[in-house]
Amino acid sequence: MTNASTDASTNASSALDLSGVHFAYRRGAPDVITIPRFTLARGERVFLKGASGSGKSTLLGLIAGVLQPGAGSLHVLGTALTELSAPDRDRFRAAHLGVIFQMFNLLPYLPVGANVTLPCRFSAARAMAAQAAGGIEPEARRLLSRLGLDTTDVWDRRAAELSVGQQQRVAAARALIGGPGLILADEPTSALDADSRDSFIALLKDECEASGAALLFVSHDGGLADHFDRALDLSELNTASAAKAGAHP
Amino acid sequence: MSARSTILSLALRSIANRAGTALLTILTVAISVTLFLGVEKVRQGARASFENTISGVDLIVGARSSPVNLLLYSVFHIGDATNNITWDSYQGVASAPGVAWTVPVSLGDSHRGYRVVGTTPAYFEHYQYGDGRPVRFADGVPFEDLFGAVAGAEVARELGYEVGDEIIVAHGMGSVSFIEHDNNPFTLTGVLQPTGTPLDRSVFVGLEAIEAIHLDGATGAGTSLSAEALRARDLSPESITAFYVGLTSPVAALRLQRQVNTYPGEALQAVLPGVALAQLWSVVGAAERTLSAVAAFVVLVGLVSILTAILTSLNERRREMAILRALGARPHQIFVLLVAESALLALAGAVIGTGLTYGGLMIGAPLIEARFGLLLPGMVPGLYDLSIIALVTGAAAVLGLIPAWRAYRNSLADGMTVRL
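Same order as they appear, the protein sequences are chains A and B.
Going by our numbering, the first residue of the first sequence is number 5, and it counts up by one from there.
Going by our numbering, the first residue of the second sequence is number -18, and it counts up by one from there.
Bound-form chain B, shown alone (with noise of 0.2 Å):
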């Protein structure tokens, strides 16, 4: 029975008292740090989600501009390439020793403002997201005809899409375009399952198809020769937009980046996905760092929720304090009831905000995978929760002082009588 656990106790018992308010206050103190947590959570599934929207990929070439441009058009299919890059220059890369595969993407086109990819069917066997998680289907194959299409979760899902339908490409880029390739409709083989990456809002096609629309000029209504007059043709496309590497061994990355960099034939860069990825992460995480800072500023105002509550409490529990005097209590024990009931409130509200998270995470979580493709990282709760707890916990106890101290100086003014 040591004075410290008879402090804890009554605090314990005091707050239980007012379990009305402290009910209140605790929740007030949970839903922020749910709030927080919640915020903090899908903050890094993004983040992850964003820096491993391509991987698998040792180098991305593409005509020389800056790294992140190139990012940008190649991967996220925003903003058009300054220059193409020769097929001759892709072949001479391709050749290279150490490069285990290539796969070639041509853009310019879209389909009801979605983007046209032109490639080949490799593109669906390298392409990897997350962690290393491979591109699946959810409905159908790849493209094996000329004018066979693929469509990304998300194309599918609002255009209501489904294998063995029709589309247009149209050339440029807008939901409604003036230019439609219409002599050339493509089929659609297969359907995306969600990645959480740009491949959810794009449509696939051979890159020999991109070449067949443009035959008859490039804003044309498409090729008025016949599909078995096209296939008999050579469609080796002259230029390409951009092009993936994929090498025999990660540590020639480097090396061959330096090759293409300084290629005599054309003015070529090649970065390193990861790389250029975390440039880009560095200009539009301050959106992510922003939502941060206000979750934790809503934590705050749980906190002073506390230190309310506990403060209007103080006027009429100046008796209680001068019994406690009376009793023999130091005033350094008045004020320790004080800092623990605030850490005590603050460290509940903490603890049940922490499993609110994690019961909506384990209800929300496959959700939001299923419909994004956005992975959740840490489904169990970890050091980094613990810290929050505690952190939440010791500034509840800083935010006590202030109550704790009035009640010190009352209970040293009062003494053992209560003057009101």
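Same shape as in the complex, but just chain A (with noise of 0.2 Å):
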């Protein structure tokens, strides 16, 4: 992303820099999201507090790029975000980012393994870092294990024959392989008991430290606060009224 601009001094710091963010599902309709400033640096691991409605999928989205704001600067790590073109910004997506859902999170069709190396086949820059970690299989592997999976085991299985925890967990590796600097987790231990949810948030953690990631935790349970470094609540930090309201589009 050689010719996205960078703010030196502030910017090239941190995993994450919104500022003075205003986005609206309609032109005229009421903000749904307006952030007058929030921050990441990188590496860190965040906890955000976010009670459905408060516009959480929302801000998940504009820094994913999927979304774009319709005023104020997003930058994640260092690049602008709002300067990049649709397709830029999938592919900055595919190469940096790895995304953690509530559920659901892989093919059903696809076996495992397939699901964990998938990242590596729609970004060549996130092949070419797990290659250099040790071959993209082998780092697939790698990862599944330090999730606490038996790879001989699960490797060729179906992705629909695992349970929900072991799910998260191949998620989470799909995620981590080939070393995205930001890590988006999307309530990924609402549908965990609350054992696995503890030892889940817990590999993930360490996985994020091992591979220096920036993690970004959203969930509405502020119980987990105390796993990380640092905890915000997106009700204090996103001041739009729409939001507030419960709006939800």
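Some hints here could point you the wrong way.
Claimed, not checked - Non-contacting residues of chain A with respect to chain B, defined by C-beta distances greater than 12 Å in every case (computed):
1) 26
2) 99
3) 146
4) 166
5) 202
6) 227
7) 233
Unchecked claim - Partial chain B-side listing against chain A, Cβ under 8 Å, derived:
8) -6
9) 212
10) 271
11) 311
Unchecked claim - Ranges between beta-carbon positions, derived for each pair:
12) B:279 to A:89: 41 to 47 Å
13) B:274 to A:128: 31 to 37 Å
14) A:89 to B:267: 52 to 58 Å
Hints in this document: simulated from the structure, not taken from any laboratory.
On a predicted model such as this, the values are computed, not experimentally measured, just so you know.
By construction, the Cβ of each residue, glycine as well, lies at the ideal position given by its N, Cα and C atoms.
Join these two chains into a complex; the hints should help.
As structure tokens, then:
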């Protein structure tokens, strides 16, 4: 991303830097996102508390480059997303972001191994990084076993055959492969029981630390905040009136 | 591991994941393509067979009317001649330079609804059909004796005739005739093999026999003269219905045709069988084109079933699209994914359909040929079949644009999250 502008002093060192970001789903509709300032340092692991209707999904869409803010500056890993074209944002997301959803993260018709290595097929940068780390498949197997899965058992199994807890770990391995700079986790533990939730968060944190990735962990469950370096509340971050009123598109 | 091969392999995996629906869809397309190709094959066969109903004959000569009319009664035995032509005129043309052989044809009588053709044994020697295939005898020989007869394949099959059976010839047409020349029964000397031409539905007797049974008046029971007495008589007819002409060199056909058409003694007309057959086909070919159109619509129904299958799967697959988007798939790749799925289903269906068609032909064609004398063309898949496969696949890709466009819009609106 050499053509992306970087405000050297503030943005280059941050994983995320939002400044004066506004977003509305339609022109003239009330903003669902108004964030005066939100930053995340590289390698930092932050908990963001967000109830449903707080603009959580919208914020993640903005950071991932699927949505474009109406105003403000939005830097991810030093790149101004607002200055990229839609295909370039897709390419940027493929190369630098790992995403974990609440559930149903995996393509049900692909085996586990193919699911984990999928980002390397959409991004040459991720493929090269994984190669450099010892090869795509060894790296995928390493991440799976680091996340507590028996690779000889699960590698060739269809993703749909796994338990929800196992699926989330596979999703985490997929998000981490190829060393992306930022992991976005959207309620990844809400479908898990308490024990597997805690161990999942611990493993995810450890792996982010090991790879140097920043982690933005979003959940409505404030009780998880203790696991993280820093905790924020989206309702304080987001000053948009529509979000406060609970409006959701 | 290019993006394109990734999308293609994802499309294949996704189809495999919905194997049940996918198989039904493929089967629908396969059956529709089988029907279409089958109809095409029979159509081409029927057309080729029709246009080669008579070959090896350079000119057909009859009384002046329209070329199609002459063809209809002299070859297809449909309708009646406007006029007979005199034996003298026949002899005049037969002795013209360049004429290698002639075969006279005299129509007007029937046997249980089948036309009786008065002719000479040379008929079986010169009449050819299809790709210059000669007339063959399934059993027996051409008639030699005055009251010998040869039956076409269908006549023999339908009426259960064998060589040696006696038959009665009736005056005029109709399966039940009130005027039967029953004084003079004929004896079958031969049965022809199926040809897929009007020959199958004809009975052949000698020209002299036609003359003989009408000696005591055209509508009588026949002649009371004994066979011996008849054989002693000169039974050269005064007139015949038409005759076939073979030339020493086909290039003389046009010149002789002009000579016949301007024959001074009588209003004659000569037609080139190929030209007249093509004219006739342009009339009866309408049915054939209708059949094709119906078959083409069945293929369209098959393609629409692909569209239905993919469209109904779209909602449950919004999550899949969102995952792909989160992984960095571009909206246009989602678009290509769905177009590829549609095209792959159609390709599989079309290939299987072509296989079924040729498998069916391998089994069915010998039976059809034996029963109807209809030769089906091209027993090996050719360029035509490839172009049909390509066309069906292409059409499916075009139809695939509809779900692709919807998924594209969805994936733009949904982004990485699915709001169901």
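Against the structure, the hints:
no.: 1; hint: 26; in the structure: holds (18 Å)
no.: 2; hint: 99; in the structure: violated (7 Å)
no.: 3; hint: 146; in the structure: holds (20 Å)
no.: 4; hint: 166; in the structure: holds (15 Å)
no.: 5; hint: 202; in the structure: holds (25 Å)
no.: 6; hint: 227; in the structure: holds (23 Å)
no.: 7; hint: 233; in the structure: holds (24 Å)
no.: 8; hint: -6; in the structure: holds (5 Å)
no.: 9; hint: 212; in the structure: violated (88 Å)
no.: 10; hint: 271; in the structure: violated (44 Å)
no.: 11; hint: 311; in the structure: holds (5 Å)
no.: 12; hint: B:279 to A:89: 41 to 47 Å; in the structure: holds (45 Å)
no.: 13; hint: B:274 to A:128: 31 to 37 Å; in the structure: violated (50 Å)
no.: 14; hint: A:89 to B:267: 52 to 58 Å; in the structure: holds (57 Å)
Violated hints for the displayed structure, listed by number in ascending order: 2, 9, 10 and 13.
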